[in-house]
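Peer 1: Here is what each chain is made of, one letter per residue.
Number of protein chains: 2
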Amino acid sequence: MIKARITVTLKNGVLDPQGKAIEGALGALGFDGVGSVRQGKVFDVEIQGTDRAGAEADLKAMCEKLLANTVIENYSIAIP
Amino acid sequence: MIKARITVTLKNGVLDPQGKAIEGALGALGFDGVGSVRQGKVFDVEIQGTDRAGAEADLKAMCEKLLANTVIENYSIAIP
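Chains as they are written, first to last, in the working numbering: chain A, 47 to 126; chain B, 47 to 126.
So here's chain A without its partners, still in its complex pose (with noise of 0.2 Å):
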């Protein structure tokens, strides 16, 4: 079993209002000195088998396919 990180941000340039919903909450709060805050996903996928390669490729694919937006989005994988 190979346990993997998908993490899925948006790219530099792209506006993020959930993240600066949540910069006004923060602020509201009494939070000072917050300079930007940006919402991204993070999904724990479990693969079966011990190939890291293949595993890495799939992940790969799954990102390209259904996970992220690659026009919006950026993502890295993660495998401890």
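Derived from the structure by calculation, the hints contain no laboratory data. Cβ coordinates follow ideal geometry from the N, Cα and C atoms, glycine included. One thing to keep in mind: the hints can contain errors.
[Claimed, not checked] Covered by chain B, per the in silico footprint, the following chain A stretches (three or more residues, Cβ under 8 Å): (1) 64-73; (2) 78-85; (3) 115-125.
Following the hints, position chain B against chain A.
Peer 2: Same frame as chain A, now just chain B:
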């Protein structure tokens, strides 16, 4: 400027219908051997100043007050 990454994930045992839906979609796309998928959130936060310890305390308070629902979610703070 301190850049931190906060990762919020569901606790073990908490149902994750969104993750289950992704699991089903990956299977339908032909990805065999996907054991389980759990979805979480990631926040990239910029804090003004250079006080790492202060920033870490602030980030912890932000998680407790706003970013994570500690009844059902875990959070981790990484300051690279």
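Peer 1: At least three residues with a C-beta closer than 8 Å to a C-beta of chain B: is that true for the stretch 64-73 of chain A?
Peer 2: Satisfied; 4 residues make the cut.
Peer 1: Would you say the stretch 78-85 of chain A counts as covered by chain B, given the rule of at least 3 residues with C-beta under 8 Å?
Peer 2: Our answer is that it holds, as 7 residues pass the Cβ test (under 8 Å) against chain B, meeting three.
Peer 1: Taking 8 Å as the C-beta cutoff, is the stated coverage of the stretch 115-125 of chain A by chain B satisfied by three or more residues?
Peer 2: violated (count 0)
Of the numbered hints listed earlier, the single one contradicted by the structure is hint 3.
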